[in-house]
Each structure stands twice: as C-alpha cells, then as structure tokens.
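Take these sequences, add in the hints, and give me the full structure.
Chains as they are written, first to last, in this note's numbering: chain A, 1 to 292; chain B, 1 to 292; chain C, 1 to 292; chain D, 1 to 292.
Hints should not be assumed to be uniformly reliable.
It does not matter which identical chain is meant; a pair holds if it fits inside one copy or across any two.
Simulated crosslink set (SDA-like; lysine to any residue; CA at most 25 Å straight-line) [to be verified]: (1) Lys70 to Thr206; (2) Lys287 to Gln225; (3) Lys193 to Leu236; (4) Lys48 to Ala68; (5) Lys35 to Phe232; (6) Lys239 to Glu101; (7) Lys35 to Asn65; (8) Lys161 to Ser207; (9) Lys193 to Thr208; (10) Lys216 to Ser192; (11) Lys45 to Arg242; (12) Lys35 to Val209; (13) Lys161 to Arg199; (14) Lys70 to Glu249; (15) Lys198 to Thr156; (16) Lys275 to Lys287.
Since the hints were derived computationally from the structure, they do not count as laboratory data.
Here is how the chains run, residue by residue.
Protein chains: 4
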Amino acid sequence: MNVSFIGIGSMGSGMAANLVRAGHTVTVYNRTKEKVEPLVALGAKAAKSLADACRGDVVFTMLANDDALKSVVYGDNGLLAQLAKGAIHISSSTISVDLSERLTSDHAVAGQRFIAAPVMGRPDMAAAGKLFVLAAGEPSAIDAAIPLFSTIGQRTFIVSKSPKAANLVKLSGNFLIASMIESLGEAMALVSKGGIDKREYLDILTSTVFNAPVYKTYGALIADQKFEPAGFAASLGQKDIRLALAAAEELNVPLPLANLVRDRFLTLRAHGGDKLDWSAIGGLAAKDAGGG
Amino acid sequence: MNVSFIGIGSMGSGMAANLVRAGHTVTVYNRTKEKVEPLVALGAKAAKSLADACRGDVVFTMLANDDALKSVVYGDNGLLAQLAKGAIHISSSTISVDLSERLTSDHAVAGQRFIAAPVMGRPDMAAAGKLFVLAAGEPSAIDAAIPLFSTIGQRTFIVSKSPKAANLVKLSGNFLIASMIESLGEAMALVSKGGIDKREYLDILTSTVFNAPVYKTYGALIADQKFEPAGFAASLGQKDIRLALAAAEELNVPLPLANLVRDRFLTLRAHGGDKLDWSAIGGLAAKDAGGG
Amino acid sequence: MNVSFIGIGSMGSGMAANLVRAGHTVTVYNRTKEKVEPLVALGAKAAKSLADACRGDVVFTMLANDDALKSVVYGDNGLLAQLAKGAIHISSSTISVDLSERLTSDHAVAGQRFIAAPVMGRPDMAAAGKLFVLAAGEPSAIDAAIPLFSTIGQRTFIVSKSPKAANLVKLSGNFLIASMIESLGEAMALVSKGGIDKREYLDILTSTVFNAPVYKTYGALIADQKFEPAGFAASLGQKDIRLALAAAEELNVPLPLANLVRDRFLTLRAHGGDKLDWSAIGGLAAKDAGGG
Amino acid sequence: MNVSFIGIGSMGSGMAANLVRAGHTVTVYNRTKEKVEPLVALGAKAAKSLADACRGDVVFTMLANDDALKSVVYGDNGLLAQLAKGAIHISSSTISVDLSERLTSDHAVAGQRFIAAPVMGRPDMAAAGKLFVLAAGEPSAIDAAIPLFSTIGQRTFIVSKSPKAANLVKLSGNFLIASMIESLGEAMALVSKGGIDKREYLDILTSTVFNAPVYKTYGALIADQKFEPAGFAASLGQKDIRLALAAAEELNVPLPLANLVRDRFLTLRAHGGDKLDWSAIGGLAAKDAGGG
Numbered sequence: 001m002n003v004s005f006i007g008i009g010s011m012g013s014g015m016a017a018n019l020v021r022a023g024h025t026v027t028v029y030n031r032t033k034e035k036v037e038p039l040v041a042l043g044a045k046a047a048k049s050l051a052d053a054c055r056g057d058v059v060f061t062m063l064a065n066d067d068a069l070k071s072v073v074y075g076d077n078g079l080l081a082q083l084a085k086g087a088i089h090i091s092s093s094t095i096s097v098d099l100s101e102r103l104t105s106d107h108a109v110a111g112q113r114f115i116a117a118p119v120m121g122r123p124d125m126a127a128a129g130k131l132f133v134l135a136a137g138e139p140s141a142i143d144a145a146i147p148l149f150s151t152i153g154q155r156t157f158i159v160s161k162s163p164k165a166a167n168l169v170k171l172s173g174n175f176l177i178a179s180m181i182e183s184l185g186e187a188m189a190l191v192s193k194g195g196i197d198k199r200e201y202l203d204i205l206t207s208t209v210f211n212a213p214v215y216k217t218y219g220a221l222i223a224d225q226k227f228e229p230a231g232f233a234a235s236l237g238q239k240d241i242r243l244a245l246a247a248a249e250e251l252n253v254p255l256p257l258a259n260l261v262r263d264r265f266l267t268l269r270a271h272g273g274d275k276l277d278w279s280a281i282g283g284l285a286a287k288d289a290g291g292g
Numbered sequence: 001m002n003v004s005f006i007g008i009g010s011m012g013s014g015m016a017a018n019l020v021r022a023g024h025t026v027t028v029y030n031r032t033k034e035k036v037e038p039l040v041a042l043g044a045k046a047a048k049s050l051a052d053a054c055r056g057d058v059v060f061t062m063l064a065n066d067d068a069l070k071s072v073v074y075g076d077n078g079l080l081a082q083l084a085k086g087a088i089h090i091s092s093s094t095i096s097v098d099l100s101e102r103l104t105s106d107h108a109v110a111g112q113r114f115i116a117a118p119v120m121g122r123p124d125m126a127a128a129g130k131l132f133v134l135a136a137g138e139p140s141a142i143d144a145a146i147p148l149f150s151t152i153g154q155r156t157f158i159v160s161k162s163p164k165a166a167n168l169v170k171l172s173g174n175f176l177i178a179s180m181i182e183s184l185g186e187a188m189a190l191v192s193k194g195g196i197d198k199r200e201y202l203d204i205l206t207s208t209v210f211n212a213p214v215y216k217t218y219g220a221l222i223a224d225q226k227f228e229p230a231g232f233a234a235s236l237g238q239k240d241i242r243l244a245l246a247a248a249e250e251l252n253v254p255l256p257l258a259n260l261v262r263d264r265f266l267t268l269r270a271h272g273g274d275k276l277d278w279s280a281i282g283g284l285a286a287k288d289a290g291g292g
Numbered sequence: 001m002n003v004s005f006i007g008i009g010s011m012g013s014g015m016a017a018n019l020v021r022a023g024h025t026v027t028v029y030n031r032t033k034e035k036v037e038p039l040v041a042l043g044a045k046a047a048k049s050l051a052d053a054c055r056g057d058v059v060f061t062m063l064a065n066d067d068a069l070k071s072v073v074y075g076d077n078g079l080l081a082q083l084a085k086g087a088i089h090i091s092s093s094t095i096s097v098d099l100s101e102r103l104t105s106d107h108a109v110a111g112q113r114f115i116a117a118p119v120m121g122r123p124d125m126a127a128a129g130k131l132f133v134l135a136a137g138e139p140s141a142i143d144a145a146i147p148l149f150s151t152i153g154q155r156t157f158i159v160s161k162s163p164k165a166a167n168l169v170k171l172s173g174n175f176l177i178a179s180m181i182e183s184l185g186e187a188m189a190l191v192s193k194g195g196i197d198k199r200e201y202l203d204i205l206t207s208t209v210f211n212a213p214v215y216k217t218y219g220a221l222i223a224d225q226k227f228e229p230a231g232f233a234a235s236l237g238q239k240d241i242r243l244a245l246a247a248a249e250e251l252n253v254p255l256p257l258a259n260l261v262r263d264r265f266l267t268l269r270a271h272g273g274d275k276l277d278w279s280a281i282g283g284l285a286a287k288d289a290g291g292g
Numbered sequence: 001m002n003v004s005f006i007g008i009g010s011m012g013s014g015m016a017a018n019l020v021r022a023g024h025t026v027t028v029y030n031r032t033k034e035k036v037e038p039l040v041a042l043g044a045k046a047a048k049s050l051a052d053a054c055r056g057d058v059v060f061t062m063l064a065n066d067d068a069l070k071s072v073v074y075g076d077n078g079l080l081a082q083l084a085k086g087a088i089h090i091s092s093s094t095i096s097v098d099l100s101e102r103l104t105s106d107h108a109v110a111g112q113r114f115i116a117a118p119v120m121g122r123p124d125m126a127a128a129g130k131l132f133v134l135a136a137g138e139p140s141a142i143d144a145a146i147p148l149f150s151t152i153g154q155r156t157f158i159v160s161k162s163p164k165a166a167n168l169v170k171l172s173g174n175f176l177i178a179s180m181i182e183s184l185g186e187a188m189a190l191v192s193k194g195g196i197d198k199r200e201y202l203d204i205l206t207s208t209v210f211n212a213p214v215y216k217t218y219g220a221l222i223a224d225q226k227f228e229p230a231g232f233a234a235s236l237g238q239k240d241i242r243l244a245l246a247a248a249e250e251l252n253v254p255l256p257l258a259n260l261v262r263d264r265f266l267t268l269r270a271h272g273g274d275k276l277d278w279s280a281i282g283g284l285a286a287k288d289a290g291g292g
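Structure, rendered in structure tokens:
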C-alpha cells in the first residue's frame with residue numbers, strides 16, 4: 001500500500017520504520033526535517049511538503065496534541081483539502097473526543113475516510129512493532145487498515161464504528177494509569193511515614209495482589225523518587241486527564257478521582273515539574289505529609 | 001507444636017485445617033461452637049473454654065475486628081491473663097494499628113510474645129494453604145512461627161520488628177484494592193456512557209496494561225454489576241478504609257483518595273448496600289452519572 | 001452619551017432601562033426582537049440590525065456566554081468591524097478569562113477600547129439600579145464609563161487595568177457562593193439525619209455566625225428543597241465553575257473545592273436538573289446520605 | 001443557685017465570672033490551680049477537690065476534649081459518683097456525639113440530669129456574656145438552666161430533647177466555618193496568582209455578597225497570612241472536624257468537603273502548623289499553587 005506517515009517523533013519513528021520494513025511504500029513528513037533521515041535511510045521517501053504527504057491511500061498522523069493535528073488537517077495544504085476521495089486518514093495521536101468527532105464528519109463531507117487508532121505502549125514497543133492498537137471507524141476502512149495495524153502492533157482491538165470511541169478508551173486508560181500512580185503515591189506516603197521501607201513494600205505488593213508490570217514500573221519510580229528523565233512527560237499526562245475530564249463533562253459523568261489527579265498535575269506544574277515523568281504526581285502525597 | 005486457633009470463620013477454618021494436616025496439635029475455639037466440628041473431625045481438639053484455648057505455645061487469633069479481638073485478649077479468661085510466659089500470640093486479623101501497638105506492649109508486660117501476621121488472600125486460598133503472610137514482631141518469635149506461616153501460606157514477608165507495621169501494610173493493601181475499584185468504576189461509567197460495551201472495554205484493559213487478576217476479577221464484577229454474594233463484604237471494606245485513615249491521621253498523612261473511597265462506602269451503606277461485595281462501590285460512579 | 005445595549009435578557013432589560021431613565025440616548029438590540037419593546041416604550045431606540053447597534057460611543061453587551069458574545073463581536077456586522085475608533089465596548093457578561101484577554105487585544109488592534117464590567121446581583125437588583133459593578137480596563141476608558149456604572153449599580157469597584165481581572169473576580173465570587181451552597185448542603189444532610197429540623201438549624205446559623213443574606217436565602221432553598229423556579233439556573237452555575245476552573249488551570253492553581261462543586265453540577269445534570277436553581281447542588285449531599 | 005464550674009480556661013473563666021457577678025454561689029475547679037484565683041477574688045469559692053466541686057445543684061463543665069471531660073466524670077471522685085440525685089450536669093465543651101450520648105444514659109442511670117450546652121463565640125464574647133448557647137436536654141432540666149444560660153450568653157437556642165443534637169449542631173457549625181476558610185483560601189490563591197491584590201479582593205467580597213463578620217475576620221487573616229497568635233488553634237479545629245466526620249460516619253452521611261478540610265489540617269500539622277490559628281488551612285491552596 002501507498003502509505004504516508006506524518007509526525008516522526010519518538011513513537012512515530014518506530015511505527016513508520018515498521019511500515020517500511022513490511023514492504024509498504026512509505027512517504028514520511030515531519031515539521032523538523034532531520035527527524036525523517038533515518039527513515040529515508042531505511043527506504044522511506046521524504047515528502048517535499050505537507051501536500052506531498054497527502055497523496056497516499058492511507059495517511060497516518062501521530063502528533064502531540066489537538067493543535068498539532070489540526071495544523072496538518074486544516075488549511076489549503078492539509079489533509080482535508082489534499083487527500084483523495086476514499087483515502088483513509090488514520091489518527092494515532094491521543095486527541096480529544098471532540099476533535100475526533102469533528103474530523104469524522106469533516107472527512108465524510110470531503111468524501112474521505114477517517115479512523116481513530118490511538119495506540120498503547122512506550123517508544124520501545126513502537127520500535128518493536130509491539131503496540132496495542134485501539135481502532136474505531138467504518139468497518140470497510142478498518143478492514144483495509146488491519147494489515148497496517150498488524151505491522152505496527154501486537155494486537156488490534158476494534159472498539160467501535162464511531163472513531164471517537166477509540167479516543168475515549170485511550171484517554172480512560174491513561175486516567176487509570178494516573179489513578180494507579182496516585183494510589184501508590186498515597187500508600188507509600190503512609191507506610192513510609194510508618195517506618196516501612198518503600199522498596200520492600202513495593203516488593204510485597206507486586207509479589208502478591210498487584211503482580212503487574214505497570215505496578216512494578218511506576219512503583220519503582222515512586223519509591224526511588226526517580227522522575228527524570230521522563231518516559232512520558234507530566235505535561236502530556238495532564239493533557240490527557242484534561243481531555244478525559246472534558247469528554248466526561250460533555251457526557252455529564254462526574255469523575256472525582258480524575259479531579260484529584262488533575263489537581264496533582266497542577267500542583268506539580270506550579271512547582272516547576274512540567275518536564276518530569278508523569279509518575280512524579282505520585283510523589284506529592286509524601287510532600288503533603290511533610291516528607292519527600 | 002502445641003497450637004491454638006481462635007476464630008473459626010471462613011478464613012480461620014482453612015488456616016486451622018492446614019495446621020492440623022501438617023501434624024500440629026491444634027486446639028480450636030469459636031464463639032459459635034458448631035463451626036469447630038469439621039476441624040474436630042479432622043483431628044483438632046475443641047477447647048472447652050476460652051481459657052482452655054490459651055494453653056498452647058502459640059495461639060492464633062483470626063477475628064472480625066478490634067472489638068472481637070479485644071474480647072478474647074482482655075478479661076480474666078483472655079489471652080493476656082491465661083497465656084504462659086514466653087508463649088506467642090499471633091494475630092492474623094485485620095485490626096487497627098493502635099490495637100496492634102497496645103497488644104505489643106501489653107503482652108510484653110505480661111512476659112508473652114506478640115506477632116502481627118495479617119494475611120492476604122480469599123477463603124479459597126486459605127483452604128489451599130496459599131495465603132500470603134505479612135509478619136512482624138521480634139525476630140526470635142518470628143523464627144519460631146515461620147514453620148506455621150509456611151503451613152498456612154505460600155509465602156511469608158517479614159515486614160518489621162514492630163508488629164504494627166504488618167497491620168499498616170495490610171490496611172494499605174486493601175486501600176490500594178479499593179482505589180483500583182474506584183478507578184475502574186469511574187472509567188467504566190465514562191466509557192459506558194460514551195457507548196462502549198463494558199465487558200469489551202475490560203477485555204482491552206486486561207489484555208494490555210492492566211494484565212493482573214485483580215483487575216480481571218473486580219473489573220468483571222463492576223462491568224456486570226454483580227455484587228452478590230459478597231466475597232468480601234462492604235462493611236469489612238469500610239472498616240479497613242477507616243482503620244487506614246485512622247493510622248494516617250495519627251501520622252499526619254493526608255490521603256485524599258482514601259477519603260473518596262470512604263465516602264463511597266458511606267453512600268453505599270446509606271442505600272442499604274452493607275452486605276454487598278465491597279466492589280459495589282465501583283457501581284456508584286455510574287449512578288452519579290445517571291446510569292447504573 | 002450615545003449608548004447601545006446588546007442583550008436584553010432578565011439582567012440586561014433592567015440595566016438598559018436605568019440607562020434610558022438617566023437620560024442617555026440608548027439603542028437596544030436583542031436576537032429575539034420582542035424583548036426590546038418595553039424599552040422602546042420607555043424611550044429607547046430599537047436597532048434595526050446588529051451593525052446599527054454599533055454606532056454609539058459606548059456599547060454594552062450582556063449575554064449568556066462566550067459563544068453568544070463572540071457572535072456579536074466577530075463577523076462583518078459585529079462590534080470589532082463596526083465600532084468607531086475610540087468607542088468603548090463594555091462587556092458585562094460573565095465570560096471566560098480567555099475571551100476577555102482576546103477581546104482586549106482584538107479591540108486594541110482595531111483602535112477601540114474594551115472594559116470588562118461584570119456585575120453582581122440578581123434581576124431585581126438590576127431593575128433597581130442596585131448592582132455591584134466590577135470594572136477593569138484602561139483608566140481613561142473607565143473614567144468615561146463611570147457615570148454609566150453609577151446609573152446601573154449602587155457601587156463600582158475598579159479592579160485592575162487589565163480587563164480579565166474583573167472576569168476572574170466575578171468567576172471566583174460565583175465559586176464562593178457555590179461553595180457556600182455545598183457546605184450548607186453537607187451540614188444540613190448531617191444534622192437532618194441526626195434528627196434536627198433543617199429550618200430551625202438554619203435559624204441558629206443565621207442568627208449567630210452566618211448572619212448574612214446569602215446564607216439566609218440559599219439556606220432556605222436547601223432546607224425546603226425548593227429549587228424551582230430557578231433564580232439562577234444550574235446550567236449557568238456550572239458554566240461559571242467551568243470557567244473558574246479553566247482560569248485556574250491556566251494559572252496552575254489547584255482548586256479541590258471547585259472540583260467538588262463541578263461534580264455536583266454534573267450529577268445534577270445527569271439526573272435532569274439542568275433547569276433547577278443552582279442551589280439544587282445543595283440537595284445532593286442529602287441524596288448521597290440516603291435521604292432527600 | 002448553687003453552681004459549680006469545672007474547667008477554667010480562656011472560655012470557662014469568662015463564663016464563670018459572669019455567673020459569679022449574677023449573684024450565684026459559684027464553686028470553681030481547675031486542674032491547674034492558679035487559674036481559679038481571679039475568680040476567687042471575684043467571689044467564687046475554690047473547690048478543694050474534684051469531689052468538692054460536685055456538690056452543687058448544677059455543675060458546668062468546659063473542657064478541651066472528650067478525654068478531659070471523661071476524666072472529671074468517671075472515677076470515684078467524678079461527677080457520676082458524686083453528683084446528687086436530680087442535680088444537673090451542663091456540658092459546654094465541644095465533645096463527640098458519642099460521648100454526649102453515653103453521658104446522657106450514664107447520668108440517667110445515676111438519677112442525675114444531663115444537658116449538652118456547647119457555646120458559640122470567642123473568649124471575648126464569653127467574658128462579655130455574649131455567647132450563643134446551643135442547649136439540648138430534657139425540658140425540665142432546660143427550664144431550670146435557662147437563667148444560667150441567660151447569664152452567660154446573649155441568646156439560647158433550645159435544639160432538642162436529646163443532648164447529643166446540640167453537640168452535632170456545634171460540630172457542624174465549626175465545619176461550616178472551616179469550609180468557608182477553605183473556600184476563601186482557594187479563591188484568594190486564584191485571584192492572587194491572577195494579579196489581583198488580596199486585600200482589595202476581600203474588600204469587594206465583604207462589601208457585596210459576603211457582608212458578614214466571619215468573612216471579614218477570616219478573610220483578613222488569610223489575605224495577610226497572619227496565623228499567629230492563634231484565636232482558635234489548628235489542633236482544636238482538626239479535632240472538631242474529626243468529631244463531625246465521626247458523627248457523620250455513624251449516620252452514613254458522606255461529607256466530601258469535610259474530608260477536604262480534614263486533609264488540610266493534616267497537611268498543616270505535618271508541616272508543624274499545629275499551634276497556628278485554624279485559618280492557616282486557608283493558606284494551603286496558595287502553597288499548592290506555588291505561592292504562599
């Protein structure tokens with residue numbers, strides 16, 4: 001297939017590389033041009049312009065936020081104006097439910113197809129083609145995209161016919177991770193002030209009820225207060241919680257735990273923690289308790 | 001060893017049975033007498049009185065709460081008055097940090113030894129000898145008790161020399177489970193109102209980031225709103241959160257997420273949910289959102 | 001002065017009437033035309049179009065929300081395009097800090113002047129010219145507008161040179177009222193379940209420490225659960241809390257109490273309470289407690 | 001009447017002095033003996049012992065907390081053992097609902113009468129006989145005590161026949177004040193970070209909607225961050241919130257705002273703020289926001 005890939009960051013570079021390796025004709029585009037060079041070395045074609053990246057049968061976008069995605073979709077050289085009829089835009093960015101809904105309808109009006117396919121996994125999983133893909137969109141479009149998803153991920157979940165459902169699942173998943181971080185932060189603040197070693201405590205937890213990698217990984221970061229370098233920056237975590245809360249507000253769903261997590265991010269940022277790993281919110285309970 | 005076991009409920013019966021099977025001389029005592037019969041059939045001796053149950057080298061207690069434990073410890077026929085010097089009281093109940101501290105000092109004054117050894121695991125794990133034991137107390141006492149712990153559990157964690165530390169770890173562990181329940185409850189309220197099937201959502205979660213039995217088990221209960229019969233009653237869950245908050249208050253540790261969970265239990269009880277499984281608090285977010 | 005007034009709702013009608021009575025030449029404009037008739041009877045001139053309402057020295061806008069205000073400011077017939085250089089736009093609507101900032105800069109670019117002058121008070125106070133005016137903007141503009149503020153209000157507070165500061169004060173004031181409602185709701189849920197009559201309780205409060213009209217008014221609504229008809233609709237209250245939280249997020253200020261109030265509004269709306277008075281959130285604590 | 005007064009602290013000294021001045025025969029008792037001297041100079045009689053203070057028709061107690069009160073009620077020389085049949089114990093301390101209930105029943109068994117009569121007001125109001133008295137108990141006892149209440153206070157509210165109701169009202173009142181402090185703390189953190197002067201902001205609030213002394217007093221303390229010397233210590237405020245939450249838990253009433261306030265007190269204490277005025281919790285929102 002003729003595939004374009006827009007957004008060659010830490011996630012996108014791995015995803016695009018796997019598409020190249022799978023034998024697809026891949027055109028890559030990034031605002032900062034040097035980022036595409038390794039992919040070109042691998043056999044990808046560098047798009048000369050954004051418009052040039054809109055000529056494929058399928059265009060992936062993997063960008064930081066709503067604004068970044070809007071900047072490549074709207075405008076004379078953007079996807080909406082340039083994409084051929086019937087072509088598919090696969091949005092893998094973690095974006096708002098609102099924007100996903102808007103893109104669904106705008107692409108439909110333009111005779112194009114839209115799939116929301118946010119992914120779960122860190123950059124190393126992207127590089128290894130081991131992501132989890134949460135795909136939602138019209139069945140015919142999904143069918144066409146399945147081989148691509150199988151290339152970038154270890155498993156694809158077909159969430160719904162409505163693209164925004166996949167975005168909602170992705171946002172709620174990040175809310176769940178942030179909630180787990182908060183719970184570990186509180187528990188460790190408590191036992192630590194009670195004289196228990198945090199690492200030994202974590203070992204008990206993860207050897208028994210909470211025997212899952214996600215508890216081990218984040219638990220260790222919190223126990224050691226090792227929030228740099230960021231695997232996933234607090235500013236991005238905050239964005240996702242904000243988008244989850246916005247989606248919930250639209251649906252009239254109160255989420256008190258999401259509010260709590262939101263406040264943690266604000267406190268972190270107010271104290272300069274923007275670039276720390278998002279697990280740094282797990283250190284705030286200990287600070288409130290006079291420690292940390 | 002000459003072992004007594006006080007408190008033959010759903011957990012204690014399995015624990016005592018495994019002690020009998022391992023060849024110990026086991027004397028059993030329970031307020032409701034019939035409960036001990038299956039153990040007697042297995043080879044245990046039924047204590048004629050509480051005092052009669054205090055003659056062993058080691059006495060386990062496995063009771064519902066602080067008051068129940070105090071009723072067998074204090075008083076003329078209780079453990080404090082009747083236990084031999086040097087004998088060991090192993091408290092496996094989930095009790096307050098305060099009471100654990102008080103028992104530590106009262107037993108010391110009486111020349112007896114005290115171990116806090118709360119356990120993690122459901123009744124089926126108790127029956128199978130597969131509990132996790134969180135033990136804390138003086139090393140010499142712990143050493144003496146290790147063979148017993150190996151009989152009732154699959155693994156023993158030596159938490160501290162200070163018994164109350166084991167109680168704190170146990171309470172914080174239940175807080176973490178309750179927090180996970182709350183987070184799943186909110187996430188499911190959100191995605192469900194967004195049109196996504198809760199069972200399919202849970203499948204995505206537990207096939208990816210949250211691949212742990214505890215998410216699968218509680219997630220399924222919440223998705224299906226199946227809160228009866230109770231595996232662990234809401235009233236017991238509430239008690240544990242109350243004890244965690246009391247310990248935290250003593251240590252000046254604010255726990256906003258524990259507060260949230262506490263309120264969920266109160267709401268549940270105010271609506272007659274006392275005897276539901278404690279995962280029923282995971283259904284309240286959906287109720288607030290107008291569903292459920 | 002040549003004054004236009006855009007937005008003849010329950011607040012605007014009283015404000016505009018007082019401007020007419022004070023002898024100003026007042027042109028009035030409203031999307032629903034009939035609303036202006038009583039003012040025309042009083043001596044106001046009905047604008048033929050939105051553009052026609054932009055010819056004065058000063059244009060007041062008093063509209064429901066950001067979108068309504070944007071619809072009269074932007075576009076070919078809107079204030080930005082039509083207002084004369086040096087003319088003053090006085091925005092009395094309760095709008096977002098963001099929009100206020102944007103209007104400040106857009107009007108400056110267009111050579112026009114912008115004052116944010118949200119008001120405190122109910123429709124009866126607007127009709128009586130007894131509002132409190134929170135004004136912020138460039139001193140020269142404020143000086144020119146002072147006589148108008150004196151006409152519509154009993155007192156004007158000059159908050160800042162920066163218009164958005166007045167909006168922030170207004171939003172925070174509504175947050176304080178909503179917080180008071182929440183606190184009364186919780187207190188009444190508690191004492192009422194404790195067997196105390198809510199009206200007698202309120203009498204004690206307002207005869208002692210909380211001797212303020214705002215406690216009396218809202219306390220009575222909560223005690224009597226009389227949330228219809230709405231003096232100020234829950235949907236508007238929710239909007240203001242959302243705007244306060246948005247402003248706080250921009251400034252990295254966590255507001256846990258505002259989050260709590262926000263959730264109350266969502267719960268209310270999820271149960272169809274959109275059109276109730278905003279004090280209806282004060283009835284939710286009792287509901288959680290199984291009463292109400 | 002023959003009146004005894006136990007507990008001559010900052011509140012009790014003023015209350016007892018007014019009873020002396022009104023012509024009653026007043027016997028006074030305090031653990032620290034010197035505290036009674038000014039009252040003796042005024043005409044009171046110093047009790048030689050606790051038992052000696054139990055001989056009147058009426059005994060007031062005004063003590064710091066449950067434990068202090070229990071120490072003068074229970075035991076061989078305490079009120080229960082020493083008070084004559086038909087004598088009245090008036091408890092003006094801010095104590096738990098639980099203890100009030102227990103005293104009601106214990107005094108009844110002993111043939112004595114019990115009134116809960118907590119008061120509202122600061123030491124200066126106690127000295128001036130201007131307290132508000134919240135009285136609850138059997139009507140005949142209340143009738144007998146009314147002249148005494150009129151002596152110590154400006155107004156007496158008869159809350160209920162059940163003494164504990166008065167304690168609940170008192171606790172809920174302190175919860176309301178603490179909630180107001182929290183709301184002001186958040187609002188000031190917000191507007192202050194938005195560039196608005198806190199004192200000017202407070203002036204706007206208290207000149208308009210929040211025209212009540214309680215807003216002025218606490219608002220000024222928060223705006224100026226002047227939390228020493230304590231008018232009412234944070235440790236006492238925390239106690240009252242704990243008692244309010246305990247009463248609410250007993251009644252299954254979730255109080256999320258009380259939880260928030262509780263956490264603020266814990267954070268304050270964890271940072272050494274135990275002896276600050278309780279309004280110091282109003283400074284914590286600004287700290288979370290990176291200021292303060």
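Results of checking the hints against the structure:
no.	hint	in the structure
1	Lys70 to Thr206	neither (42 Å within a copy, 32 Å between copies)
2	Lys287 to Gln225	both (11 Å within a copy, 21 Å between copies)
3	Lys193 to Leu236	between (30 Å within a copy, 23 Å between copies)
4	Lys48 to Ala68	within (19 Å within a copy, 42 Å between copies)
5	Lys35 to Phe232	within (19 Å within a copy, 54 Å between copies)
6	Lys239 to Glu101	both (18 Å within a copy, 22 Å between copies)
7	Lys35 to Asn65	within (18 Å within a copy, 43 Å between copies)
8	Lys161 to Ser207	between (40 Å within a copy, 21 Å between copies)
9	Lys193 to Thr208	within (22 Å within a copy, 33 Å between copies)
10	Lys216 to Ser192	within (17 Å within a copy, 29 Å between copies)
11	Lys45 to Arg242	neither (36 Å within a copy, 46 Å between copies)
12	Lys35 to Val209	neither (43 Å within a copy, 29 Å between copies)
13	Lys161 to Arg199	between (45 Å within a copy, 17 Å between copies)
14	Lys70 to Glu249	both (22 Å within a copy, 22 Å between copies)
15	Lys198 to Thr156	between (37 Å within a copy, 18 Å between copies)
16	Lys275 to Lys287	both (18 Å within a copy, 20 Å between copies)
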